[in-house]
Structure formats: structure tokens, C-alpha cells
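Protein chains in written order, with our numbering: chain S, 1 to 309; chain Z, 1 to 252; chain E, 1 to 308.
No wet-lab data here; the hints were simulated from the structure.
It should be emphasised that the depicted structure is a prediction, and the values quoted were computed from it without experimental measurement.
Do not rely on the hints blindly, as some may be mistaken.
Covered by chain Z, per the in silico footprint, the following chain S stretches (three or more residues, Cβ under 8 angstroms) [to be verified]: (1) 19 to 29; (2) 46 to 60; (3) 183 to 196; (4) 258 to 268.
For every residue, glycine included, the Cβ atom is placed at its ideal position computed from N, Cα and C.
As a plain string of letters, each chain reads:
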Amino acid sequence: MTEARGEVFDLGYRSYDGPREGRGRAYKALWVNGVRTTLGIGRGWGAKIMPGLLFFFVVILALGFVIGGEDHSSYYSAISIILLLFAAIVAPELLCPDRRDRVIGLYLVRPLTVTDYVAARWLAFLSVTLPLVLAGQVVLFVGGTLGAPEPLEYLRDNWRDVPRFLLAGLVIAVYTTTLPLAVSAFTPRRAYAAALVVGVFFISLAVVGILTSEQAVGGGDCEVVIMDGEEVSNTCAEYLVGDAARWYGLLSFGEVPSFVNGHIFTETPDQGAPKAVHELHAAIPIAWYALLTCALGLALWWRYRRIDL
Amino acid sequence: MTTVLRLSLRQLGSRWRLLLVVALAALPVGLTALLSASQGDDSVDSAFFTNVLLDGLLMAVILPIVTIVLATASFGNEVEDRTLSYLTLRPVSRWLIALPKALAPFIIAGPVMAVSCAAVVLIGGGGILGSELVASDNVGLAILAAGVSALTAAAAYTAIFTWAGLAVSRALAFGLLYVFVWEGVVTTFLGGVRYFSVRAYSLAILNGIDGSTFESLEGRVIELPAAVVGVVVVVAAFFLLTVRQLRRMDVP
Amino acid sequence: MTNNVSGHSGPLLEARGLSKHFGLVIALESVDFSVAPGITGLLGPNGAGKSTAIKLFLGLLRPTDGSAEVMGQRPYESIEARARLGYMPEHDCLPPSMTASEFLTHMAQVSGLPPVHARTRAADILRLVGLDEERYRPIGEYSTGMGQRVKLAQALVHDPVIALLDEPTAGLDPGGREEMLALIGRIGHDFGVSILLSTHLMGDVESVCDRIVVLDAGKVTEEGDLSRFTGETEMLYIDVDDRRDELAAALAARGVEAVVDGLSLVVDHASDEQYDLIRDAVVETGARLRRLAPRRRGLAEIFRSASL
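Extracted from the complex, chain S is given alone in its bound form:
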């Protein structure tokens, strides 16, 4: 029907014969909507608190690092708490309301698949977290360069940190995107998803923190062996619960990306679960990270494959 009748025209109705961009446009629209939701654009001020807070901390901490002269390797663990809180509170916004308000049914009868929907939401959240975590590192790098007495020399000495923090940023952003989204897929209430994620993060952090804590060993035969700048053995302190602490450390779910971070920067973390896990073979934390991320991603996808409408 290309020609509308007179009476129809009076009502302002025209058939649409413009372009139809199908799946690609649908995907893009969901992505844009997801990014706007994440940042709280077009919503009340309440929705802007978390992204604003995260941005504030990211920049403040980076500036603090510049002033304190600290390096890139420990930056991510410094912002991880606020990043996790942000992810736990905001990520459920992308999935839970669509199911609770049952908008999801309207999406799925349109030109896209369930996989497209989940992927677009996932990518939307990643598109916010990744630039935010990298922004801090960029500030830190630029600040470090400009603040150095010999900027060029600083660049020459530190350029390797750029690919490292890019990779490590991707590692932490992918994890903090996948975990809360996967949890959100299983409850229609945002509050429960957020509480679960935060609970798992902080309780495992505290518990593992205790399990991986060290105590001084009495006696005088204390020895630290350092080889190639790395601590190979240290008999000055031992774990409260013995060497099993290195494995317990893996259970700190909020710190899984930090375990990989240490290997990317080839730096030994100085305390807590990351330090304990670092004493394991490098393949173990990396495999653990990959396994967890893939399992969570699959759980998310699987849950939506068999969603009730």
C-alpha cells in the first residue's frame, strides 16, 4: 500500500516505505539503549549517581596515583571495589526490568534473536566499563609522562605498560560485566541481583582475606630468596592455614581479574588473596579466570535461551 486514501491522510497516517535495516539496526538500538541505561541518560538523577561516582573515583584515584608516583599494576585493584559496586547495582538494570515489565516479549518478536539481545546488553555494559577503567590508566600514564623530569625517558621506560594496562583493563571489564549480568538473568528483582553480587564479592573477599593472611614465624632462621627480581621462597611468614591458602585464594570471586593482573604486569601483588594465588603456577589463575568467565557467560546465554514468555 503506497498510496494512502484521503480520509487516512487526514488522520496523519502513512504507510511506511522507508528503509528497513533489520537485525543490524535492532542490535544497535538495543546497544544504545543499554549504554544510556547504564549511564542513566534520560532518566532521573538517581540513576546517574553510580556512573558519576565511578567516574569520580576513577579520576581521583588516578590523580592520587600520579601524585603518589605509583605504577599501573596496582591501579585496578584500587578501583575494583567501586567498580564492583557499580557493576552489581547498575548491571541488573539492563536485564531485570525487561523481564519484570515483560518488554522482552516485544523485543523477541522483532528482527533479532535471543542471542542478539543478550549480546547487545552485554556489549552495552562493557562499552561503559571498559573506557572508564582505561580512562584512569590513561590519566595515570599521561600524568606520569608529563610529571617526569625527562618525559621522553619516562615514555621509553614505561611504554610496555600501555599494552599491559589495555589487556588487564579488558580482563577486569569483561569479568565485571559478565558476572552481574549472569546473576541478573536469574531474578526479576534488581535488588536481589545486586545484593547477591555484592554479597558474594565482599563476603568471599573477607573470608579469603582471613584464610590467606599470614603470621610471622618465630625463630631466627628467616630467609627470603629472590631470583630474577621475584620472590621465590619466603620462610619469614607462613599462612595461617598452611599452603592450602594459595588455593583458597582462588575463591575470592571479586579478585579473580586481579589474579590475572599480576601476571600481565609481571609484578607480585603484595598482600591478600592475589599474593597467595600468585604463588601458584601462572596457568592456574588464568585458567580459573577463563573458566569462570565462560561459565558465567554460558549461564547467561543458556538462561535466556529457555526463557518463559
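Dock chains Z and E against the given chain S, drawing on the hints supplied.
Using the frame of chain S, we list chains Z and E on its own:
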């Protein structure tokens, strides 16, 4: 009032939620037992136990999370399910609605957390498993301190988060931000903020009742009278705010 | 129609041997029917399988057996087919925090329209369904009637070939229901958007549909043009205050067959001569005539007589 209290308790005390609360409360107890058992003769210093286990895990993480989940749900579920009007339509004074709604989460969270804290001190300090994580001359006093401190903290948190469940549209996010950003991060940078932190009140009470066992908190606590006043003010102020909010809001 | 997917020219929707079981519950059992352009009513009591049939055509559910095709394609496989479908669910499906304008623009884009066109379409459709000033307010503040209009609008915003409306009149007051039906009638008859309208109300179907499919307990019990059911069934109702039986006898004596229906006498297909005969019979018996009026039989009566 008893009807509302009974209904609220039943709402909050659904099986899985109770299970979760008990599991969370049992976690530090189990951990203390594990540490005690694996410890043998070497005694961990009391400071570690107090700061990391009692404060770091129980007071700073588990107690707030348990009270947030219960207290924000007290009014939060009514608002979300649009059933608040059934309560507010009744011709009774608003505080008779607010009181049971605030009491219900406390009745569940308070005793459970007090028992958890007391049990941690008992196992850690009583030498039950053959080791003494806590060097205490008077275990009874230490247990009392832990129980009272947990109860007061639960009361203060409950008052705040019950109000939040009614007045803040995303009460849970508000609660998490308050606990982990305000009490967790900001207090470490700005010492003065301690006077406005429930966690600091609970530590001050712990230290105030049994100063010898929990002396390692010495540098970080505020004065006991300030803490007591703080708790009373918080509970009273947030209860009154809840009543005021109930009076003023349009019930959908 | 120029807007069929891949120039498809068969029926818009076609169910062949379509079955859907949920565990032991049989929602649809080997159903065959097709939907042509125009407005088709899918009529049946609650639980007859109407929503299930609609969801099968939309690809939200997969058939246990048989096929549900949209313009010759399986909806859960064909993204092109889904791009030209509209769906108005029975349940609430609107995000309360968005404004109608935002929501419609977003939904048009998800249907594949570029942003500029999406905005224009959203504005046009919202005006069409009668939401003008309200469209910049959050949907959460809308009344049921306004919500139903937004639901209808989102089903039409991308100019579908066929829109599947699941109980669009549910929850509306009589006035709102009339308006909704009038709107659906305009859309289906004047705008070239075909419609499958599911309802449990005979009145809805009678007032706007061209064809009907009747579902009962998972089976199609009737199917055909609405006129087949009502067109040739004009009846004359004769209401009298007294002497009804005498009148009936007088009519019978003149060869006019009249059936007693409640307080009325009913004559099928009254011809002009019969009108004269009826007049004579009334005069003869002296019955006090209250009403003499032709009426089309309602669907309710058709089904009542069919089930007897």
C-alpha cells in the same frame, strides 16, 4: 500492631531468606573454628582476630548485608508490590505501622547476629578447640561485649535501612553505598566521619565494654559515650523520619 | 499488497496440523486454519489456546507438531518475517519509566527503522491512537486505556504486514472498548495492515472482523467469513404485550413460520409479503404490538444454536 508485626515477620522470614541469614551468620563461626583447629599451639595475635575477623568480616560486611537485605525489604516489598495502601488505610497512628515494620527485621537480624558474634568470641577466646585466638582474661565479658555491640549495630542499621526502604527508590543500592563507600572507604580517608558511622559505634561499644580483650581497636574507636549517643540518635531519628515519610507520602 | 516478505502471495498466517503441548497440558491439538488479509477474529473462551496460537505465529513458542507459518516462513527462523509482524500482548508489557514517545521510537528502531524515520513514525502512530499531549509523560502514570493504546501503537509503529492483537479490549470500560475497536477497524480496513484479533467477546468480533476462527479447547470449531455466520440470517422480531400464542397460531395459519424466543416471536428471513401477513395476523388477533423490528442474529445465538 501485633498483627502487622506478625505479618511482617512472616514476610521477611520466608524459608530461603532465613536460611541465607543463618548461613551468613554461621560463616564467621565456622571460619573461627577452622582457624582455631588449624592453629595448634601457635597463638595468633589478638589484634588480627579482632581486626580482621570480628571487625573486617562480621561488623563490616556480614552484619550490614544481613540488615540491608531484611530491613530494606520490610517496606520495600510493600512498595514494590503496591500493598502499602492496605497498611496505611487503617485508621491508626502512623508510628504504630512504622514500629512493627522496623521491629520485624531487627527481631530476625539482631539475635542471629548477636549469637554469631558471641559464638565467634567464645570459640576464638574460650579455648574450646585447644587454641586461643583471643587472649582474654574474662571471656564472659568479651562475649557480652560482642553480643551487645552486634545488637546495637543491628538496631541502628535496621532503623536506617527501614527508612530507606520506604523513602529511597533504590534502597538496596543506597544501603550498599552507605556501608561500603561511606563506612568502608570514606572513613579510612577522613577520620572525623567515624562519628557518623554505625560500624564505628559498634567497635566503640566493643572496646568500651571489654577494653582489654579488644584493645587493638584502641586507635580507631571513638569514645564510648559518643557511640552510645550516636546509636540512640540514629535509631530515634530514622524512626521519626520513617513515621514522617509515612504521613507525607502519597500511597499508590 | 506490496509489502509482503519476498513477494509471498499465499495466506498471511497458516497453521497446518499445529499442536502445542506444555507437558501433559494440550494447548492446541492438530489445528488447521489460515488468515487472509483483512481483520480476522480469533474467538474462544479463556484457555482455548488463543494466546498459544498467537505466540506460535510470532515465534515466541515452537510447535510440538505441525507448523505455524507467517508469509510462508517459520517465524522463529525468519528474521525478515519477524520484521513485518506486530504483536500486542494480552499482559502488561510497557516500561513504566520511559515516556510513550521514547518507547515507541526505541521499538521502531528495534524493528529496523533508522532513528529519523523511527521518530516520525512514533509521533504519527501515537497521534493515530489518540495520545498527543500525554506522550511525553512516563508510561507508569497512564490509565489502563492509555496503556492499551501504547501497546497497540508499538505493534503498529513499524508498519507491519499483519498485527497480532491478543485481547486488545481486555480491561477497558465500554467507552474505551468502543474506541479501541473503532481504531482497530480503521487500521485493518483503511490502512492496509491486516489484523488477527483474539478475544473472548463475541461483540468485538461482530463489530470489526471480516473473518472468524473459533477455537475451543485447543481445536478449531468454526472458521469462515463473518457474513457466512450473520449475513443471511436476518430475523424479524415481533414483540407483543399479550395474546402471543394466538398470534403464533394466526401466523401459522397464514403459512408464516414463527419461533417463540422468550417474549418474542421470531421469523427467519421475513420477505415483504410476510410483513403484510404478519400485519394482518396482528390486526386479526388484536394483540397489542410493542415492537416489530428486523435484527441480525448475533454470533452468540449462532453458537448457542450450534451447540444445542
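Going through the hints against the structure:
{"no.": "1", "hint": "19 to 29", "verdict": "violated (count 0)"}
{"no.": "2", "hint": "46 to 60", "verdict": "holds (count 4)"}
{"no.": "3", "hint": "183 to 196", "verdict": "holds (count 5)"}
{"no.": "4", "hint": "258 to 268", "verdict": "violated (count 0)"}
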